[in-house]
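Colleague: Sequence:
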Amino acid sequence: MSRSVIIHGHFYQPPRENPWLSVITDQDVHPYHDWNERITAECYQPNASSRILDSIGRIVKVVNNYAHMSFNFGPTLLDYLADMDVPTARKIVHADRQSRERLGGHGNAIAQVYNHIILPLARYEDKTVQVRWGIRHFQRFFGRAPEGMWLSETAIDPETVDVLADCGIKYTILSPFQAARVIGEHGEKSVDGGTIDTSHPYILHGKRNRIAVFFYHAQLSQAIAFEHLLRDANAFGKRIRETFSDHMRLVNIATDGESYGHHEPFADMCLAKYLADIAPSDGLTVTNYGHFLAHHPATNTVVLHDGEGKRGTSWSCSHGVERWRSDCGCSTGAHPGWNQRWRTPLREAFDIVRDAVETAMTPLGHSAEELAALRDEYFSVLYDPDAVEKLHKRFAGTMPLTAFLKLMAAYRFSLFSYTSCGWFFADVSGIEPVQNMKYADIALELMRGVPTVPSNDIQERFRNKLAEAASNIAAHGTGQSCYEQWVLPDRYPPERMIYHFIACAYHHDFAPASMKNCMRFGYTFTVTKRTKKTITGTLTDPFTETFRFNADITEEKHDIIAYIALGDNGGKKRFSLADVVIDERIPLSRELLSHEISSVRTSVASAFAHARVILTESGKHGLPVPREFMHLFSAFFTLRMEALIHHNDGKFFVGKYQEIEELIALAQERHIPVSADIFGAMVEKSIRTKLESMLGTFSVETFNAVMTEMYLVDRIKLPIRRHALENIVYGIIEKYLLDRNFPLTEHASLIMLGQWFNFNMDEIGSSITAHDV
Numbered sequence: 000m001s002r003s004v005i006i007h008g009h010f011y012q013p014p015r016e017n018p019w020l021s022v023i024t025d026q027d028v029h030p031y032h033d034w035n036e037r038i039t040a041e042c043y044q045p046n047a048s049s050r051i052l053d054s055i056g057r058i059v060k061v062v063n064n065y066a067h068m069s070f071n072f073g074p075t076l077l078d079y080l081a082d083m084d085v086p087t088a089r090k091i092v093h094a095d096r097q098s099r100e101r102l103g104g105h106g107n108a109i110a111q112v113y114n115h116i117i118l119p120l121a122r123y124e125d126k127t128v129q130v131r132w133g134i135r136h137f138q139r140f141f142g143r144a145p146e147g148m149w150l151s152e153t154a155i156d157p158e159t160v161d162v163l164a165d166c167g168i169k170y171t172i173l174s175p176f177q178a179a180r181v182i183g184e185h186g187e188k189s190v191d192g193g194t195i196d197t198s199h200p201y202i203l204h205g206k207r208n209r210i211a212v213f214f215y216h217a218q219l220s221q222a223i224a225f226e227h228l229l230r231d232a233n234a235f236g237k238r239i240r241e242t243f244s245d246h247m248r249l250v251n252i253a254t255d256g257e258s259y260g261h262h263e264p265f266a267d268m269c270l271a272k273y274l275a276d277i278a279p280s281d282g283l284t285v286t287n288y289g290h291f292l293a294h295h296p297a298t299n300t301v302v303l304h305d306g307e308g309k310r311g312t313s314w315s316c317s318h319g320v321e322r323w324r325s326d327c328g329c330s331t332g333a334h335p336g337w338n339q340r341w342r343t344p345l346r347e348a349f350d351i352v353r354d355a356v357e358t359a360m361t362p363l364g365h366s367a368e369e370l371a372a373l374r375d376e377y378f379s380v381l382y383d384p385d386a387v388e389k390l391h392k393r394f395a396g397t398m399p400l401t402a403f404l405k406l407m408a409a410y411r412f413s414l415f416s417y418t419s420c421g422w423f424f425a426d427v428s429g430i431e432p433v434q435n436m437k438y439a440d441i442a443l444e445l446m447r448g449v450p451t452v453p454s455n456d457i458q459e460r461f462r463n464k465l466a467e468a469a470s471n472i473a474a475h476g477t478g479q480s481c482y483e484q485w486v487l488p489d490r491y492p493p494e495r496m497i498y499h500f501i502a503c504a505y506h507h508d509f510a511p512a513s514m515k516n517c518m519r520f521g522y523t524f525t526v527t528k529r530t531k532k533t534i535t536g537t538l539t540d541p542f543t544e545t546f547r548f549n550a551d552i553t554e555e556k557h558d559i560i561a562y563i564a565l566g567d568n569g570g571k572k573r574f575s576l577a578d579v580v581i582d583e584r585i586p587l588s589r590e591l592l593s594h595e596i597s598s599v600r601t602s603v604a605s606a607f608a609h610a611r612v613i614l615t616e617s618g619k620h621g622l623p624v625p626r627e628f629m630h631l632f633s634a635f636f637t638l639r640m641e642a643l644i645h646h647n648d649g650k651f652f653v654g655k656y657q658e659i660e661e662l663i664a665l666a667q668e669r670h671i672p673v674s675a676d677i678f679g680a681m682v683e684k685s686i687r688t689k690l691e692s693m694l695g696t697f698s699v700e701t702f703n704a705v706m707t708e709m710y711l712v713d714r715i716k717l718p719i720r721r722h723a724l725e726n727i728v729y730g731i732i733e734k735y736l737l738d739r740n741f742p743l744t745e746h747a748s749l750i751m752l753g754q755w756f757n758f759n760m761d762e763i764g765s766s767i768t769a770h771d772v
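So for the sequence shown, numbering that gives the first Met the number 0 puts the first residue at 0; every next one is plus one.
Hints were generated in silico from the structure; no laboratory data involved. Take these hints with a grain of salt, some might be off.
Unchecked claim - Below, computed lysine to any residue pairings styled on SDA-like, alpha-carbon distance capped at 20 angstroms:
| id | residue 1 | residue 2 |
| --- | --- | --- |
| 1 | 309 | 279 |
| 2 | 619 | 604 |
| 3 | 655 | 608 |
| 4 | 684 | 40 |
| 5 | 689 | 731 |
| 6 | 655 | 689 |
| 7 | 684 | 608 |
| 8 | 689 | 725 |
| 9 | 689 | 84 |
| 10 | 309 | 226 |
| 11 | 169 | 207 |
| 12 | 188 | 202 |
| 13 | 619 | 581 |
| 14 | 734 | 711 |
| 15 | 237 | 279 |
| 16 | 309 | 120 |
| 17 | 169 | 194 |
| 18 | 684 | 29 |
| 19 | 716 | 763 |
| 20 | 689 | 730 |
| 21 | 655 | 680 |
| 22 | 188 | 198 |
| 23 | 716 | 760 |
| 24 | 689 | 665 |
| 25 | 684 | 746 |
| 26 | 684 | 725 |
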C-alpha cells in the first residue's frame, strides 16, 4: 500500500492598507516598515527559496517549498506580494505550475474566501460573493480553476457547503474536532472529541448539495504550531513516520503557513529538508489534496457538530463561531477580568452599514439573480478599470456613473468590515477592530450623495452602536472613542490628499510612494495640475494653484484651488505636516532640512576634521567625550559616512573603505552612537544592483566590484539582508554554471562568487540539474 503525506500551509495576513490611500502606513515594526513586510521577509520569501545546508553550514540546495506543499494564500495578501515582492509572487505561481506537472494536473494551490469573513455568520448573498470572488481572484493569479477552498477559520455550516458546491469547489479542510459522526457501510459511529480517522476524505452534505472534506491530523498540526516540532527535520520526519499505522494511506497536516518561518524562525529550512530529502527516503509520496482525492474518492459520510445556536463550527472556537459575534470566552491573552461583550455591538454596527448598502443596491436589480450578477461582476472592476463602463451600462439604469461606482465601492468596503480578525483578539481597541471600523467608515463616506441610500442618519446610528462596545481598557472608552481617536484622523478626503500631493511633489520633484495608482481597494487618488502656471522655488515660497482631484474607481472629480505657504498663511486654510501621509513625513522633513543645511555642509566637514583629531587624541589619554557633544559628534560621523557611501552614484572606491573602517572604529572606541542600518541599506542596494546586472551579462569587472563591497560588509559588519542577495546569486549560478558556452575565463569568478555567498559549489550543480528551485 502506497503512503502519502500532505502538508498544508494557510498563508494569510489581514488587509492592513489605509482604505483611503490603498497603502500600508508605518506600523512601527523596525527594521521593517509594516507587518506584511516583516512576515514576507521571515516566511513568504524564505519558503520560495529555502536552503538545505551541508554539515558545515554551506548551501547545497535551494528548494521552493510551495512546489511540494499544499497551500492557499489570501487574495489580499497575494495582491500585496504582486505589488511589493514580484519575485516571490512569481515563484508561488511557478510552484503551482510545477506541482500540476508532477501530479497529473492537480496543483498545490487552493483558493480562499476573498477577505476572510466568517461565512456561517454572513448572509447567503455575501457568502456567495466571498466564494465567487475568491475563485475569480485565484483564476486571475494562477490561470486555472481551483479544486479546493480554505474557509476562514475553517468556519462552516450547511449553507456554506451548498455555496461551495454550487461554485464548483470539490473539497475543503477542517479540524477533526468539528466532526460529530461518521456514516459508513457498517453503520454510524461517534467521532466526537477529534477521534475521526484523518487518513482519508469524507462526503459532507449541505442542505441540498455536497462536497468532499479532509480533516487534518490534530496532534501533528498542534506540534508544528505550538510545540516547536519544526526545529529539527529529522525529529519532524520521525514523528510523521511514527504516526502512520498499518491501515493508513495518508498523514495530512494543516496549520497557519506563517508557522514556517515567522512563528518558528528558520522552520522553512526544516520543511525543505523534509519535503526534498527525508519524505522521499522514507518511501512517502509528497502530494496534495486534489491528487489524493482523485485516486482515493470519499466513500463515508461525515456529520459535523451544529455549533452553538446551530450557527456552525470552526477550528478556533470551541463553541462554534461565537468568537466572532459574542462573549463566548474564547480570546487571546490572559487578562483577568476582561470580557468580549464588545463583539456583539461591533458586529451590529457593521450590520447597520451593510443594511444601508443593501437597501441602496436593491433598485439596481430587477431580481435577486440580477443583483447576484452585479455583485459578482463588480470583481472585474477591481482589477480592470476598462470594465467600468460595461458594468454601469448593464446595471445602473439612470443612476449617474459616479454614484453607481461609489455605491459598489461602499459594498466592497462593507464586506471588508467583517474581516474575521476584528473579533479574534481581546479588545475593541486593538488594531484589527479599528481597521474594520475604517472600512465601515469609508463605506459610509462613499454612500453620501448616492440617491438610493436611505435618508435616515446612518452615521449617527453607527456611532451610537459603537458606543455600546465598551473597551476593557478604561482610557480607551468605547468603540466610538476608538473610532474618533484612530479612524477619523486617518481619513483622506480630496482636500487633504491634494495638500499631501503638493507638499511632496512640489519640492525637488519628491515622488511620494502613496500616490502610486494602486487598484487594490478601488478608491485611490490621481491629482493633476489644471493651470499652466509654472511653479518655481521651494515649498517655502507661497503660490496659488488649481488641481483636479480624481478618485480613480468612483470617477469622482473636484477642482480645488490651493494657496500653499509655510508659516503664516494669511488667514487661509492651513496646511501642515499632519496633512501629509505619515510615511512621507520623515522623508519630506529630511528633504526640507537638507535643503536648508546644504549651505553649512562645508563648515560641518571642516569642523568634523578638527573634531576627529581631538577625539583621537583625547581617547589616547582616556578622556571621555563630553555628554553635551555626543549627539553633535554622532551627526558629524553620520554625515561623513553618508558622503563616503552615497556619493558617486553608489560606485565605491577602495580608497574610501579605509576611511570608513577608521570612522567606525573611532566611533566604537569613543562610544559615539552611529546607526549602521542606513549605511548597510546603501551598500546592499549597490550590491543588489550589480548582482541583478550579472543576471543579464556576467562581467568580471562587476564581479570584482561586488567582491570589494562584500569585503566592506564583512570587515565592518554592516547589516544587510543576505538572504535576498543569495537568491540573486543562486539565479546567477543556475544560469551560468551548467552553460557550456559560459567562458572558462569567467568560470573561476563564478565559483568564487558562489563561495563568497556561502554556496557549496561542489554540490550545488546536482541540485540545479534536479530542478529543485
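Colleague: Would you mind marking each hint as holding or not holding in the structure?
Modeller: To see whether the hints hold, each was checked on the structure:
no.: 1; hint: 309 - 279; in the structure: violated (44 angstroms)
no.: 2; hint: 619 - 604; in the structure: violated (23 angstroms)
no.: 3; hint: 655 - 608; in the structure: holds (16 angstroms)
no.: 4; hint: 684 - 40; in the structure: holds (16 angstroms)
no.: 5; hint: 689 - 731; in the structure: holds (12 angstroms)
no.: 6; hint: 655 - 689; in the structure: holds (19 angstroms)
no.: 7; hint: 684 - 608; in the structure: violated (28 angstroms)
no.: 8; hint: 689 - 725; in the structure: holds (13 angstroms)
no.: 9; hint: 689 - 84; in the structure: holds (19 angstroms)
no.: 10; hint: 309 - 226; in the structure: violated (33 angstroms)
no.: 11; hint: 169 - 207; in the structure: holds (15 angstroms)
no.: 12; hint: 188 - 202; in the structure: holds (15 angstroms)
no.: 13; hint: 619 - 581; in the structure: violated (45 angstroms)
no.: 14; hint: 734 - 711; in the structure: violated (27 angstroms)
no.: 15; hint: 237 - 279; in the structure: holds (13 angstroms)
no.: 16; hint: 309 - 120; in the structure: holds (11 angstroms)
no.: 17; hint: 169 - 194; in the structure: violated (24 angstroms)
no.: 18; hint: 684 - 29; in the structure: holds (18 angstroms)
no.: 19; hint: 716 - 763; in the structure: violated (27 angstroms)
no.: 20; hint: 689 - 730; in the structure: holds (13 angstroms)
no.: 21; hint: 655 - 680; in the structure: holds (17 angstroms)
no.: 22; hint: 188 - 198; in the structure: holds (17 angstroms)
no.: 23; hint: 716 - 760; in the structure: violated (24 angstroms)
no.: 24; hint: 689 - 665; in the structure: violated (30 angstroms)
no.: 25; hint: 684 - 746; in the structure: violated (25 angstroms)
no.: 26; hint: 684 - 725; in the structure: holds (14 angstroms)
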